[in-house]
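Here the protein sequences line up with chains A and B, keeping their order.
With the first letter of the first sequence counted as 1, position 75 gets the number 75 in the numbering used here; the numbers rise by one all the way through.
Offset between the second sequence (1-based) and the numbering used here: plus 234.
To be clear, the hints were calculated from the coordinates, so they are not data collected in a lab.
Incorrect hints may have been included.
[Stated by the list, open to error] Simulated restraints, written as ranges between beta carbons of each label pair:
#1 A/Val180 <-> B/Val258: 44 to 50 Å
#2 B/Val258 <-> A/Arg4: 15 to 21 Å
#3 B/Ser336 <-> A/Gly183: 54 to 60 Å
#4 B/Gln341 <-> A/Glu87: 22 to 28 Å
#5 A/Arg4 <-> B/Arg281: 42 to 48 Å
#6 B/Ala286 <-> A/Lys3: 19 to 25 Å
#7 A/Ser178 <-> B/Glu349: 17 to 23 Å
[Unchecked claim] In silico negatives: residues of chain A with every beta carbon more than 12 Å from chain B:
#8 Gly55
#9 Leu67
#10 Val79
#11 Glu96
#12 Val104
#13 Phe106
#14 Ile120
#15 His123
#16 Ile145
#17 Ala151
#18 Val176
#19 Pro196
By construction, the Cβ of each residue, glycine as well, lies at the ideal position given by its N, Cα and C atoms.
Chain by chain, the residues run as shown.
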Amino acid sequence: MNKRRIRTILAVGIIATFATLVALTFVSNYPVPADSQQYLARPLGETGASNRVAGIYLNYRLLDTLLEVLVFSVAVLGVRHYLQQSEGMSLPALSESEVVQTAVGFLSPLALLLCTFFAIFGHISPGGGFAAGVIAASGLLYMAIAHGMKAMEARLNPDRLALAEKATLLILLAFVLSPVAIGRVPLTDLLPKGTPGQLLSGGSILIYNILIAMKVFVGAWAVIAVFAQHRGEL
Amino acid sequence: MAAIVAFMLFGLGILVLVLRRDLVIKLLALGLVNAASILFFVSIGDRPGARAPIQLPGEIAVLADPLPQALVLSAIVVNFAILALALVFVMILVERYHTTDSTRIEQEIAREIDEEETPCP
């Protein structure tokens with residue numbers, strides 16, 4: 001049996017398994033599994049966040065989210081470590097057309113504004129820290145495409161940003177552990193929950209969203225910058 | 235409907251992942267498989283006539299299940315991490331062997347091992 005046939009059988013096997021899984025999902029507990037219904041049945045004031053998704057991943061399942069942030073940090077660390085070891089290419093810088101430069105001048109501030117909005121209002125409307133960080137990083141990526149990586153690096157040093165990323169992670173962990181200082185269990189939300197639907201509500205969720213947005217923004221930019229450095233230009 | 239689209243995208247991604255030999259195409263297929271999983275998770279949280287799970291106090295409405303959406307965030311972040319790291323490894327392999335063909339890279343590595351094992355005359 002040649003290699004290609006084995007691969008085909010493997011692919012068909014995986015797809016068949018997945019199809020069975022899909023079929024079982026629809027046959028068994030669908031439409032509402034009992035466990036997830038519990039979250040919607042809980043009172044809104046418990047987390048204080050009208051965005052139920054934010055309430056789950058930044059309150060009930062905060063530990064999962066912290067580990068997620070850690071995975072992101074490890075990825076940034078790995079990318080920087082391995083790319084700085086290899087030699088890299090140096091492609092000549094190509095200047096972009098005036099159309100792109102004008103469009104970027106309009107889109108980048110908009111991306112940064114959206115980032116701020118999603119981070120601050122993530123607990124009362126769609127959005128959240130992860131989305132906000134990625135939007136801001138793409139705004140900077142537009143600018144880097146239009147004005148060149150060198151100009152961007154002069155303004156935002158990737159090495160300092162990588163340090164800033166670690167510092168944000170440290171602040172986040174310190175914030176999560178801070179209840180220990182007054183004899184409470186870590187991850188306890190000490191801030192008042194407020195009235196759901198208002199800006200100052202949801203306890204610590206607002207702070208977590210802002211910190212995660214900063215971390216993801218800085219981390220994603222550090223990854224983009226190190227890829228661009230390695231290649232020479234975007 | 236969305237679950238069927240997710241299933242088709244997943245199948246396409248797996249087929250490309252296993253059958254194509256180009257490492258960059260494999261990474262793109264991995265991204266497709268992940269996007270399909272995310273779509274599947276979001277689709278199982280849906281209910282007839284459901285709104286996005288954003289609720290005001292005292293409001294009674296049919297909301298989409300927020301739990302799969304919260305879980306999918308982990309999948310997105312882990313996918314980013316895997317793709318970024320895998321891309322770096324592909325770049326290192328391409329720099330060393332000047333090809334993105336996985337079979338040729340395997341052959342080159344096997345040849346290198348053979349050369350190392352053969353004692354010099």
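Hints versus structure:
A beta carbon spacing of about 47 Å between A/Val180 and B/Val258 agrees with the range 44 to 50 Å that was offered as a hint. Between B/Val258 and A/Arg4 the Cβ separation comes to about 20 Å, which falls inside the hinted range of 15 to 21 Å. Evaluation of the 54 to 60 Å hint for B/Ser336 and A/Gly183 yields a pass: the beta carbon distance comes to about 56 Å. In this structure the hint that B/Gln341 and A/Glu87 lie 22 to 28 Å apart at CB holds, the actual value being about 24 Å.
Hint check: A/Arg4 to B/Arg281, Cβ distance near 43 Å, so the stated range 42 to 48 Å holds. A hinted range of 19 to 25 Å for the beta carbons of B/Ala286 and A/Lys3 is inconsistent with their spacing of about 47 Å. Separation of A/Ser178 from B/Glu349 is about 58 Å and departs from the stated range, judged on CB atoms against 17 to 23 Å. The Cβ of A/Gly55 does not lie farther than 12 Å from every Cβ of chain B; its closest approach is about 8 Å, which violates its non-interface assignment.
A/Leu67, annotated as away from the interface, has a beta carbon of chain B within 12 Å; the closest lies near 8 Å. Under the 12 Å C-beta cut-off, the non-interface status given to A/Val79 relative to chain B is violated; the minimum distance is some 5 Å. At roughly 23 Å from the closest C-beta of chain B, the C-beta of A/Glu96 stays outside 12 Å, upholding its exclusion from the interface. A/Val104, annotated as away from the interface, keeps every beta carbon of chain B farther than 12 Å; the closest lies near 23 Å.
Once the 12 Å rule is applied to beta carbons, A/Phe106 is consistent with being away from chain B; the minimum gap is 27 Å. Even its closest Cβ contact with chain B, about 15 Å, leaves A/Ile120 beyond 12 Å, as expected for a residue assigned away from the interface. The Cβ of A/His123 sits about 10 Å from the closest Cβ of chain B, inside the 12 Å cut-off, so the non-interface label is violated. Every CB of chain B lies more than 12 Å from the CB of A/Ile145, the least distance being 18 Å, so the non-interface label holds.
Every CB of chain B lies more than 12 Å from the CB of A/Ala151, the least distance being 24 Å, so the non-interface label holds. At roughly 17 Å, the least C-beta separation between A/Val176 and chain B is larger than 12 Å, which holds for a residue marked as non-interface. Interface exclusion of A/Pro196 from chain B breaks down, the closest Cβ pair being 5 Å apart, not more than 12 Å.
Hint compliance for this structure: hints 6, 7, 8, 9, 10, 15, 19 are not met, and every other hint is.
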